[in-house]
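There are 2 protein chains.
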Amino acid sequence: MASQSKAQETPGRRGLEERKQLIMEIYNSLRSADIASIEFEGPEIAVYIRNPKFIVENENVVKDLARKLRKRIVVRTHPKSRKSMEYTIKFIRENVPPDVGIVDIQFDDVLGEVRVIAEKPGKLMGRGKVFRNLVLAETGWRLEVYRKPLLQSGLLDSVLRHLQRHAEERRRALRDIGERIFRDTLIGTRHVRVVGLGSFGEVGRSAILVDTGESKVLLDAGLSPSGYGPDSYPYYWSPEFRVDELDAVVISHAHLDHVGTLPLLFKYGFRGPVYATPPTRDIMIIVLRDLINLMRKAQGEPPFEPRDVEKALTRLIPVNYNTVTDVAPDIKMTFINAGHILGSSMVHLHIGQGLYNILYTADFKFYRIKNDRSTRLLPPAEYSFQRVEALIMEATYGSKETQPRAEAEEELINLVNKVYKRGGKLLIPVMAVGRGQEILVVLNEALRSGKIPEIPIYVDGMVYEVTAVYTNYPELLVKPIRDRILKQGENPFEGPTTVYVTDHYKRDEAMYSDKPAIILSTSGMMNGGPIVEYFKYLADDPRNALAFVSYQAPGTLGRRLQSGEREIELEMDGGIRRIKVNMEIVSIEGFTGHSTRGELLSFLRRLNPKPRNIVLNHGEPSAIAALAHTVKTGWSKLGFESPPIIEAPENLEGVRLYPRNLKMKLALQHS
Amino acid sequence: MASQSKAQETPGRRGLEERKQLIMEIYNSLRSADIASIEFEGPEIAVYIRNPKFIVENENVVKDLARKLRKRIVVRTHPKSRKSMEYTIKFIRENVPPDVGIVDIQFDDVLGEVRVIAEKPGKLMGRGKVFRNLVLAETGWRLEVYRKPLLQSGLLDSVLRHLQRHAEERRRALRDIGERIFRDTLIGTRHVRVVGLGSFGEVGRSAILVDTGESKVLLDAGLSPSGYGPDSYPYYWSPEFRVDELDAVVISHAHLDHVGTLPLLFKYGFRGPVYATPPTRDIMIIVLRDLINLMRKAQGEPPFEPRDVEKALTRLIPVNYNTVTDVAPDIKMTFINAGHILGSSMVHLHIGQGLYNILYTADFKFYRIKNDRSTRLLPPAEYSFQRVEALIMEATYGSKETQPRAEAEEELINLVNKVYKRGGKLLIPVMAVGRGQEILVVLNEALRSGKIPEIPIYVDGMVYEVTAVYTNYPELLVKPIRDRILKQGENPFEGPTTVYVTDHYKRDEAMYSDKPAIILSTSGMMNGGPIVEYFKYLADDPRNALAFVSYQAPGTLGRRLQSGEREIELEMDGGIRRIKVNMEIVSIEGFTGHSTRGELLSFLRRLNPKPRNIVLNHGEPSAIAALAHTVKTGWSKLGFESPPIIEAPENLEGVRLYPRNLKMKLALQHS
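Chains A and B, in that order, give the protein sequences. According to full-length UniProt numbering, the stretch in the first sequence is residues 1 to 671, in order. According to full-length UniProt numbering, the stretch in the second sequence is residues 1 to 671, in order.
Everything labelled a hint here was simulated from the structure, so no lab data went into it. Take the hints with a grain of salt, since some may be wrong.
One copy or two, it doesn't matter: identical chains are merged, so the pair holds either way.
[What the hints assert, rightly or not] Below are the DSBU-like pairs computed for lysine-lysine, each with C-alpha atoms no more than 35 angstroms apart in a straight line: (1) Lys632 - Lys479; (2) Lys663 - Lys332; (3) Lys610 - Lys663; (4) Lys632 - Lys148; (5) Lys148 - Lys536; (6) Lys451 - Lys80; (7) Lys71 - Lys610; (8) Lys400 - Lys632; (9) Lys297 - Lys267; (10) Lys267 - Lys83; (11) Lys580 - Lys68; (12) Lys90 - Lys515; (13) Lys90 - Lys400; (14) Lys487 - Lys297; (15) Lys418 - Lys71; (16) Lys663 - Lys400; (17) Lys515 - Lys129; (18) Lys418 - Lys332; (19) Lys400 - Lys20; (20) Lys90 - Lys421; (21) Lys68 - Lys536.
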């Protein structure tokens, strides 16, 4: 009797044969480059050549080949074909116009890159390509030019230097990763399944396991804002999750609830690649280092150490927006702008060579540029794709509409003026990443245009370091902000009254001076950080005010205050003190970096093509249920041609997306 | 900051401490029995004593202790305190009344049992207890008396003898299993999750993984009737499933779609316990051996071998109905009569020392005894329990009502008469287990009462062997049948015209004789077995008839014929032949061993207490969707006080049952 063929064909199967053919094609096409070796380095195929002039003269040959093979191909000179660093530095200095203002020249042995940090890289931009080719042909090094940061982050610099010191380890890691990505497949794509390890039916500890039978990818590795202990980790002990079987970790953005347990994976033996955009990588370094400090203060021994963060960095593969990247034999991944914070991404997974496509929005901000009259930092999330069969969407604000952003700005400005007039201090808890920068831009803009008086703005916590990263990526910010950085050389995050709190004196000044002031400080949900110290001291005085400008998760001090608690017990002066809260407490929701309910629906309306499956996560149960209801009943108004299947698993629940019995699921949904 | 305590308490946690206390209590209570050792043997605590008289005199002490400790305690004599086998045989023969008719005396070294097989065990029953105590006190062996089977199964006997030969291996296995069950817990019960590995959204390859964080139990290990290849196995390659992490396999009943891949688990390294009722064990041996033969015929190399079946048997722990048994540190399991086939069980899991209770119906037959006027073999499924929070229920006949059983019997009898009159043969595909015996009883009853003429009834395939097992367990059959066996010593499965096809001559006679006949043969869905040979020969003649008396799964020859295909290509005489089907084809659904739609709803109505979660499986998508709809809208009519959460996962999907966000799930269900 013939066995029935079911849904277990292996269309995603590919093997050594394909790999051999790839290598043959590359050899044939780039023969005259004098190929020294071809290596699978992470998701890229690196072709090491002995004749650097070839790249200069045949740039399009490589591009065409990459397009044809659908692979990321990079051509590098063989280390032995590169000139010495001394020679290269001398050559660059001698040939760069003096007004470019070279600040530093760094080398990346792994990538064969020489990085020039300059005051005015624009001066080089016009003739950039010619000069880049000149450097390459002459020295064998590939030139990259970077702008000198407007702000300097010591922490970031030190970690990047650490990485350079460990070039050889990184190279080895990249090759291991490459071998795994381009491996001979064992099973092929059998199915597409998504298991919620965290952030399902809740906000926080985002972690989603995508399992195709052949490979496994973890989307995000977050930490719940409710604490630092194991209860705040995703369900990593779930039996389907094993670090040794994981092909890749993809980080959507650098908020702790999406990246806070990444080092833990390395502590427990993960040695695979981590994919993130370059700004996400940079911010991640800062917030994870800070997290270790916060944990030390809160509970003594943190569950991981700085070296685990460094291990993660050694295996981090930066990927720019809209660059298709192989992350497993049967999964291609693309980051797409999510508009949430700098570097934040939606993640598109193309599975099984055309079988199935998932779009994971992670945290995203969708707004209509036309209607917007507010001070924005980031462009809105993208909504048009080649293929999307399943959408995994956040539902943080799924149940209630929030005020428009322009109104929120007005409300904040009015609050500043009110508190100023009564001689009080305005305390604003902000996440180090995103809201801090947004509020700084709003306040400095209001100062410039005279909408608020000359009031000192103290910025405490990790906001400074992260702002430094923001100024490093002007090309990712909206045009008005970008232009101020690139054309006017201004820092939009700094005004005449901005004070970065870098020592105890400045903190004392912010806290104890009798003058009105605005204090921005971390953490954003008041579950630690200097904000708590400010709060202890300022809570008592009714002239002061506390303004929440972001989502407050259940279990955090922020949420308790927001929900009306006015007596709080906190550690103070070595004991537990009951603090009476007399300060004004205000919630301004319109600043959210998340899509509001209207924006979520508007995103679904614009989204193209329409998915057949919608999985809702990253929301409190009521928010998820409300959004699900609206989509279930209103799909036709949202432009769907047929009702999508809407599901909202809990953590530990798994949803199979492909192959799927659509009919049964629909019948169940509508019965 | 204090970490928030979430749903991850460990109420099911227990440890070595508890184990020590258990042992202390036993020592203290049974001191005067002269304890040699206390062993954890599978789910039982075995107390080896040197003074067998103690048990005779203190039977209640042991019972009370077991009740108090909530453990299965068995007291055995220490091997050195047992008399020789020769002496024991002599002692028994000398002291048993001669009319008992001893047929055989067997010893089980592992259990310290002496088994007397007798023609008339009833003669001993009255004074059974006294005699048992006499034997125990005198020889140290525990006496068990069995009835000589009405039919002899050579296969079953040979395998049971094999087990006796491997007593030492079994003893070691039992101790390993015991150590694992009574281990120091690592994590405790963190959650209750159910993952569908097979039979979700389909009929066949039943396999359900129950995962509590601390332990993992597999409910059933079936094979899809659609074939014998890997596509017919459950999703054992799913990453959350690993044989080395499995605490136990629980087999609900001995149909291949529930037990057909059990040997495969052993082939791939499983060495834990398999729990089944004694009749399920016996039938399992027969059907799995037969399966290997069928696979050999169908595809050459079977995926497992007889020794894998034997490994499973070595680790099989028989458990009677209604006996609570520890199967993992945090799971107690109870088998409850399911009324489907002999030995068939619903499985009740009591998890985390009171945290949560699951009832898995598996395949079950629920009917109201009062209204029933048909010839039944088995009592209906139970419906009353101490606690049930989640129900996993089959939905095979969820969408359409089937005819009442009494009508089905009438229809079959009419069909026999019709075919007899036109001189044809009536071919009935039956599963070796269940339907075969049911139909035999109906036909022989009709013969006895003259409702059908004296027509030969040929019984081919494994039906004979399985019927032998049925006659071994009269106490599990309904009273009228039981009485005929026990009181009248009759075989209700055999009539004056019954012919067991045991060789080619008889098969030729059944097939080629020109006289009317009834032929019952396996397999029940015509996906192999002698039925296909009969069909090839008989299909052509319009005087013949083919009567389906059970569910036919998609992809089987049975289903194709049932759906109207009348030209079938089959291997015949060494080539592929196109067979024209001219015989009459009839489907009589009322014989089903599954609950009909009405019976499913009636079961839910009677079920006490009412579960909060209902998970539907073992049904085609349309059947599941229809049943879900009825329960979703009609819960109040079914006696639920609040709407239950109804879910129907697909294979590879996981549902978390505890802890659970009931509100969100309900809101989603009813949005």
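Quick rundown of the hints versus the structure:
1. Lys632 - Lys479: neither (38 angstroms within a copy, 53 angstroms between copies)
2. Lys663 - Lys332: Close inside one copy (28 angstroms), not across copies (37 angstroms); limit 35 angstroms.
3. Lys610 - Lys663: both (17 angstroms within a copy, 29 angstroms between copies)
4. Lys632 - Lys148: This pair counts as neither: shortest intra-copy Cα distance 51 angstroms, inter-copy 64 angstroms.
5. Lys148 - Lys536: neither (39 angstroms within a copy, 85 angstroms between copies)
6. Lys451 - Lys80: neither (61 angstroms within a copy, 98 angstroms between copies)
7. Lys71 - Lys610: Within. Shortest intra-copy distance 27 angstroms satisfies the 35 angstroms Cα cut-off; inter-copy 57 angstroms does not.
8. Lys400 - Lys632: both (17 angstroms within a copy, 28 angstroms between copies)
9. Lys297 - Lys267: within (20 angstroms within a copy, 52 angstroms between copies)
10. Lys267 - Lys83: neither (39 angstroms within a copy, 60 angstroms between copies)
11. Lys580 - Lys68: Intra 68 angstroms, inter 53 angstroms, cutoff 35 angstroms: neither.
12. Lys90 - Lys515: neither (54 angstroms within a copy, 107 angstroms between copies)
13. Lys90 - Lys400: neither (61 angstroms within a copy, 86 angstroms between copies)
14. Lys487 - Lys297: neither (43 angstroms within a copy, 80 angstroms between copies)
15. Lys418 - Lys71: neither (58 angstroms within a copy, 71 angstroms between copies)
16. Lys663 - Lys400: both (32 angstroms within a copy, 18 angstroms between copies)
17. Lys515 - Lys129: Neither. Shortest intra-copy (54 angstroms) and inter-copy (96 angstroms) distances fail the 35 angstroms Cα cut-off.
18. Lys418 - Lys332: neither (53 angstroms within a copy, 65 angstroms between copies)
19. Lys400 - Lys20: This pair counts as neither: shortest intra-copy Cα distance 55 angstroms, inter-copy 56 angstroms.
20. Lys90 - Lys421: neither (59 angstroms within a copy, 109 angstroms between copies)
21. Lys68 - Lys536: neither (62 angstroms within a copy, 55 angstroms between copies)
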